[in-house]
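**Student:** Sequence:
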Amino acid sequence: MTFVNRAKATCASMPHPWRELWAERAAADWLRTMQLGVEAGTRQAADPWRRNAKKDETIMPEVIFPGPDGRIEGRYHPAKEKGSPVALLLHPHPQLGGTMNNQIVYKLYYAFAQRGFAVLRFNFRGVGRSQGSFDYGQGELSDAAAALDWLQSNNSDSRKCWIAGVSFGCWIGMQLLMRRPEIDGFISIAPMANRFDFSFLAPCPSSGLFVHGDEDRVAPVAEVMPIIEKVKTQKGIKIEHAIVEGANHFFENRVEELISTVNVYLDRRLGEHSAAA
Numbered sequence: 001m002t003f004v005n006r007a008k009a010t011c012a013s014m015p016h017p018w019r020e021l022w023a024e025r026a027a028a029d030w031l032r033t034m035q036l037g038v039e040a041g042t043r044q045a046a047d048p049w050r051r052n053a054k055k056d057e058t059i060m061p062e063v064i065f066p067g068p069d070g071r072i073e074g075r076y077h078p079a080k081e082k083g084s085p086v087a088l089l090l091h092p093h094p095q096l097g098g099t100m101n102n103q104i105v106y107k108l109y110y111a112f113a114q115r116g117f118a119v120l121r122f123n124f125r126g127v128g129r130s131q132g133s134f135d136y137g138q139g140e141l142s143d144a145a146a147a148l149d150w151l152q153s154n155n156s157d158s159r160k161c162w163i164a165g166v167s168f169g170c171w172i173g174m175q176l177l178m179r180r181p182e183i184d185g186f187i188s189i190a191p192m193a194n195r196f197d198f199s200f201l202a203p204c205p206s207s208g209l210f211v212h213g214d215e216d217r218v219a220p221v222a223e224v225m226p227i228i229e230k231v232k233t234q235k236g237i238k239i240e241h242a243i244v245e246g247a248n249h250f251f252e253n254r255v256e257e258l259i260s261t262v263n264v265y266l267d268r269r270l271g272e273h274s275a276a277a
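Residue numbers (this note's numbering): 1 to 277.
Be careful, since some hints might not be right.
[Unchecked claim] Here are the computed lysine-lysine pairs in the DSS-like style, where the Cα-Cα straight-line distance is at most 30 Å: (1) K238 to K160; (2) K238 to K82; (3) K160 to K82; (4) K235 to K160.
Hints in this document: simulated from the structure, not taken from any laboratory.
Based on the sequences and whatever the hints tell you, model everything.
**Tutor:** Quick look at the structure:
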């Protein structure tokens with residue numbers, strides 16, 4: 001069965017609203033967007049930066065750590081200095097091609113690493129070499145908590161903690177933020193607040209940034225603004241919202257603009273922390 005036929009079969013078996021998300025693009029476009037590959041019948045990430053694999057191995061070693069449903073596969077960039085902040089990155093929906101090698105997750109990884117963070121990205125259960133199977137959010141939240149535990153145990157002297165998620169990863173990340181008061185900041189890219197319940201964010205305990213594309217038809221800006229406006233009203237917490245013009249839900253041909261927006265925000269926030277210290 002070709003990838004496109006397999007994608008169609010998967011789409012037909014999906015519960016609402018995921019059929020709508022798949023209908024947003026042709027399966028072939030999704031393949032290109034999410035950087036998927038199919039090897040021996042198993043879905044794996046086809047890293048577009050594979051040509052730099054040897055270089056990458058020296059700065060982002062593969063790690064395997066225990067999760068609630070078996071081992072979890074990740075990539076870890078250790079900080080050069082003690083006491084450096086840490087960042088945990090969460091990928092898009094596992095059943096829709098999301099992996100830790102998603103292009104946006106990959107670039108976020110380096111955005112944090114270049115600013116001195118210890119950074120971890122990982123595959124949710126059932127993705128890549130992570131054990132287990134998709135659990136509709138509950139198990140994935142447990143995976144994220146285990147990943148944060150691992151990251152913090154390897155950086156016990158860190159004083160700052162950030163979390164960043166893309167699409168489905170935003171939903172998981174923001175739930176984790178509500179459970180872990182040590183998280184100081186967040187980046188949520190293309191959160192589907194129109195498809196997932198984000199009401200748990202009131203009040204939101206940490207300042208952060210939401211980013212959307214103005215041509216996102218999966219999670220249109222108009223449909224998610226009520227949630228963002230609601231959490232922006234919390235005293236002492238500053239929630240910002242950025243719009244990337246011409247970008248769809250996947251930020252096709254707009255990834256550089258997206259990362260530039262994130263970089264500007266990170267530099268400002270980190271500068272504020274340095275000034276306060």
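**Student:** Check whether the Cα positions of K160 and K82 lie no farther apart than 30 Å.
**Tutor:** Roughly 12 Å separates the two Cα atoms, so the pair holds.
**Student:** Are the Cα positions of K238 and K82 separated by 30 Å at most?
**Tutor:** Holds, at about 28 Å.
**Student:** Is K235 close enough to K160, meaning Cα to Cα at most 30 Å?
**Tutor:** 21 Å, holds
**Student:** For the pair we were handed, K238 and K160, check the Cα-Cα distance against 30 Å.
**Tutor:** 17 Å, holds
Checked against the numbered hints above, the structure violates none of them.
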